[in-house]
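The chain contents come next:
Protein chains: 2
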Amino acid sequence: MSKVRAHISVSADGSVAGPNQSLENPLGEGGESLHDWVVALKVWRELHGHEGGEVNASTPVVEESVANVGAEIMGRGKFGGGPGPWDDDPWQGWWGEEPPFHMPVFVLTHYEREPLTLADTTFTFVTDGIESALDQARAAAAGKDVAIGGGADVINQYLAARLVDELELHIVPLVLGGGARLFDGLGPDLELEQVRAVEAPGVTHLKYRVGH
Amino acid sequence: MSKVRAHISVSADGSVAGPNQSLENPLGEGGESLHDWVVALKVWRELHGHEGGEVNASTPVVEESVANVGAEIMGRGKFGGGPGPWDDDPWQGWWGEEPPFHMPVFVLTHYEREPLTLADTTFTFVTDGIESALDQARAAAAGKDVAIGGGADVINQYLAARLVDELELHIVPLVLGGGARLFDGLGPDLELEQVRAVEAPGVTHLKYRVGH
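Protein sequence lines, in the order shown, are assigned to chains L and W.
For the first sequence, our numbering assigns the number 1 to the initial residue and increments by one for each residue that follows.
For the second sequence, our numbering assigns the number 1 to the initial residue and increments by one for each residue that follows.
FYI, nobody ran anything at the bench for these hints, they're computed from the structure.
C-beta: ideal position from N, C-alpha, C; glycine also.
Keep in mind that a hint or two might mislead.
[What the hints assert, rightly or not] Here are the simulated SDA-like cross-link-like pairs (lysine to any residue), alpha carbons at most 25 Å apart as the crow flies:
#, chain 1, residue 1, chain 2, residue 2
1, W, K78, L, P188
2, L, K42, W, N56
3, W, K78, L, V195
4, L, K42, W, W95
5, W, K3, L, G202
6, L, K42, W, Q194
7, W, K42, L, E193
8, W, K42, L, H102
9, W, K42, L, R196
10, L, K42, W, K42
11, L, K42, L, H102
12, W, K42, L, V195
13, W, K3, L, E199
[Unchecked claim] So the derived label-pair ranges between C-beta atoms look like this:
#, chain 1, residue 1, chain 2, residue 2, range
14, L, N25, W, P26, 34 to 44 Å
15, L, Q92, W, K144, 28 to 38 Å
16, W, S22, L, H50, 47 to 57 Å
17, W, S22, L, E193, 22 to 32 Å
18, L, D135, W, G129, 21 to 31 Å
19, L, T127, W, R162, 45 to 55 Å
20, L, L118, W, R162, 41 to 51 Å
21, W, E193, L, N20, 21 to 31 Å
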């Protein structure tokens, strides 16, 4: 049975974006440095079609996060644009002409939109909720795992519905002081079991198994 | 120069106590399991005058947290009792007749109280603020380090004042959903540098150097 695996970069105080997120500042104030650890990596740069980059203890963690994943689910914010209905000339997302996903991506949105194919990534816009998105993603993944890529609100909804099997936090030495908080609305009845922790330059990767 | 070292058990969502803390439920709803990892340890049980207990990857972390520490600072909540003025027959704290500190302890409080000695721990009640408590603790520590033991509010005040050298989080697989939050009121201008991460049974220890 394929697994549902969520992974996200988080500040030491548990935020996945800073305050005052906007189109100009999508990760909020201070939030851009949440991903410094990954954008430096060779494996990340390769996914984005670039040369160069580092190999370090984060490398196998990132490789594992994409290995055996057949589809990804993300929120509108991670895709790009919004909120509100899609325009006549709808935004193609943050990800450019050759998005780094290389697999079917399902975007949760309240507003209808036709599927969009850019290079080897097809974005399907799902308006009928998280369970529909997961059903579609599982089918597309054809036996491989499904990744839940964020933002915090999307992951929190899947956690609340007890649809997540594994959750990996990339904990960064940064305090964001608010903004989008992981685990918002959740409490002690969410069962977490620590699976492993990996220390790496500028980040610690902490993986949990999530109870159902 | 002696260091100021803060250490605290924290939930995966960044709380050091659950909601609705009370005298009956000092760590709030769900908060008591924050310390399961440490109360199982032989080194902790020895500090409390008990026999038995486990030795695991957390053991050297706890040993290090008390090694070369000459004094501790804590808030009224960690000492016990309150809020409000001390009664005529003032509370002797949570810690019993033989507190586990075995060193001078400075308790931050708004209300005057004479020092209290229980076994080999003397509690001094400091009413004139965090810098006074730190000065007194440094003097008492006589060249050794000063530990800041919590709660969150005390650690947050010392972090905000840039008086902390090292901060170690014991991150527990638990979501508390509110209650006392570490880093509350702080933001990206707080400089954190990851020093090390240690994976242990039921907890990950994450140590930061804190900038001034």
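Quick check: which numbered hints come out false for this structure?
2, 3, 4, 8, 10, 15 and 18
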